[in-house]
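There are 2 protein chains.
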Amino acid sequence: MDDRRLHRIYLDQINGTPLLPQASEAMKEAWGKGGNPSSPHAEGRAANGLKERARVGVASLVRARGEEITFTSSGTEANAWALTGLTKAGTRKGNHLVVSAVEHPSILQTARRMEKEGWKVTAVPVDRAGRVDPAAVEAALTPETALVSIQWANSEVGTLQPVGELARRVKARGILFHTDAVAAAGQLPIDLKAVPADALSLAANTFGGPPGAGALFVRKGVRILPLFVGGAQEDGRRAGTENLAGIVGMGEAARVMARELPGRIPGWIGLRDRLSRGIESRLPEARLNGHPTERLPGHLSVSLPGADAEALVLALDREGISVGIGSACTARAMKASHVLRAMGADDAHALGTITLTLGVETTEEEIDRVLEILPRVAAGQIKGGLTPAGSSRDSR
Amino acid sequence: MDDRRLHRIYLDQINGTPLLPQASEAMKEAWGKGGNPSSPHAEGRAANGLKERARVGVASLVRARGEEITFTSSGTEANAWALTGLTKAGTRKGNHLVVSAVEHPSILQTARRMEKEGWKVTAVPVDRAGRVDPAAVEAALTPETALVSIQWANSEVGTLQPVGELARRVKARGILFHTDAVAAAGQLPIDLKAVPADALSLAANTFGGPPGAGALFVRKGVRILPLFVGGAQEDGRRAGTENLAGIVGMGEAARVMARELPGRIPGWIGLRDRLSRGIESRLPEARLNGHPTERLPGHLSVSLPGADAEALVLALDREGISVGIGSACTARAMKASHVLRAMGADDAHALGTITLTLGVETTEEEIDRVLEILPRVAAGQIKGGLTPAGSSRDSR
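From first to last, the protein sequence lines are chains A and B.
Residue numbering for the first sequence is 694 to 1089, as defined by our numbering.
Residue numbering for the second sequence is 694 to 1089, as defined by our numbering.
Just so you know, these hints were derived from the structure itself, not from any lab.
Some hints could be false.
In silico DSSO-like links for lysine-lysine, alpha-carbon gap of 30 Å or less [claimed, not checked]:
{"#": "1", "chain 1": "B", "residue 1": "1028", "chain 2": "A", "residue 2": "744"}
{"#": "2", "chain 1": "B", "residue 1": "781", "chain 2": "A", "residue 2": "913"}
{"#": "3", "chain 1": "B", "residue 1": "781", "chain 2": "A", "residue 2": "781"}
{"#": "4", "chain 1": "B", "residue 1": "721", "chain 2": "A", "residue 2": "721"}
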């Protein structure tokens, strides 16, 4: 950590924020307390107390109640659970699911599985900025539609969806609405009092909590079937011994973020604009993806058509700069991002795309250093012939 | 932790072992390294290196290869995944599943769900010691049997199953064999070179690792469908950002246990025998459950017919002693254990049952203190009328 703090510039927050010190401290204390939250003895009660405090912390980040939060092992689990659990609970009959074309793969691939089990799935297209049209979503609804799942923000290009309007339109038709807020949670205030979503997915490691800790908000009164059975944990909603340290870290990070996020946003926007203006002036061939204003404050997606994104990431890495490569979840299988393709990008554009995401610790000096190094590295990549991804990997 | 170490006696290891110091240290270091194991930059590679080291550690505990270990969020997830993933992979046609009547609820309730989806499930009975008869398991096999899942050891009564023989008989018929080794892993050597199981479930918090970290061993060449899709993590077998600290802690605990376990077993057996002899002489009404010799070395299940197990646990808790109450997973919904019922116990017997499980730190002095306190507490429970569970809870 010290090494990175001193020498490296970490602009891959969307694929994992550094752990906030408050979260780290709370986690260390949780270990000391030990115990299984389901046990009635002192150690169990202590563990349970920590867990319930964390639940309230996570709820505070999205303006929900503690009882509406269930801990999961990741945003991916929360997404898989939302899609299968909400539909299997049978609140509304019908076998039609509506998603957007730019959802995270954990939504799209779970939807594809449901298709094999007899579900009909509509993937609503997006415009060149990556946004769905609420009227198009509404037009996709049928009497058979049981659930609509559309993300709050896109992790690859940073575009925000009009989730408030989407949720209101979908709810007005008596249909369940889920939103994947994993990419949004550390960057934007999320207010579930204003957005009437039935369910919302979170991952701790997008807002300063540990990786491998997630949560699903399920609005009070909404039925959901568990994914894991055979235990009374999480009020019977998710069987399995809890990752207590992860839960405690998530709760503490959420508490800190709920308090500090509003104050951080102007700074992120300023740094991001400095970065985007700098890139535009120094790299005229670069293209910035996503919506110009309706976007995550600390997020930039940059395409250098003709470059190889992985080679670019590795070249920047050698200069001490960490950036993202589309979605880290699928990064090791290089193919054109489904998000960029849905936005109309061709392969040359999509395969040369990197993401730069700013965090709590990002400084103006770091941005300026990136602006100094990126054009040189990019020029090497584009003009000097591309370093084959394979050989770069071997040299690790 | 110090508090407990100094003043409390923790005999509820089966529901969560204290974190080994080596695991704790490794976890703290993992945080410092940060990073998403799927990212190609320096932070990502460091995280990935830690994860792969942990995988080899876990493999060493069960004599498997690293590539045969996939990390999960709990033993419950490993069990749910084994049942659904092995059967859906369609290695063998047929819709018949064989389990034992004393499996963990995560197996039995997942099986019940599969029944609703059209599967036939046979639950093979056990004898009064809680053991299945391999001939009875074999007799249950049909040409439609796709999978047999029988535990290595029972967490509630400590009885071991003849898994080696079971696996050989089932494999000889060309049927897949899974075993839930969650209760066994911290207490007994597990040798997957000697036991030809196709899959085996583990949970870190039964062998000194953190709660909320599990793994599924899947033998090389055996097909399994993922539970979570939409990411390339774990070689595509389990999508979702990894709980890196949990994984690292699990790997380190496994490494320590693989080394130290054989040397600890004689001590556990000695302490357990001291405890069981002491209980038999001081509490003639007590009944010890499970097999007398084919059992976990540090595990004792004691029934005090007529007592209320939860009241007993809380009364012992007030004396500074933590013991288990059937399965912690279902402890908050008090009803007679399905395990004890399958072994022929009546309700009065089953509802008065506690488990005492010894750990790395258990001492002779602690055992003697339990033997001094337990008879007094038990006498108060049985003679003085039972404290209603509800009022005990309220007084927490």
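Now the hints, each set against the structure:
no.	hint	result
1	1028(B) <-> 744(A)	holds (25 Å)
2	781(B) <-> 913(A)	violated (33 Å)
3	781(B) <-> 781(A)	holds (18 Å)
4	721(B) <-> 721(A)	holds (8 Å)
In this structure, the one hint that does not hold is number 2.
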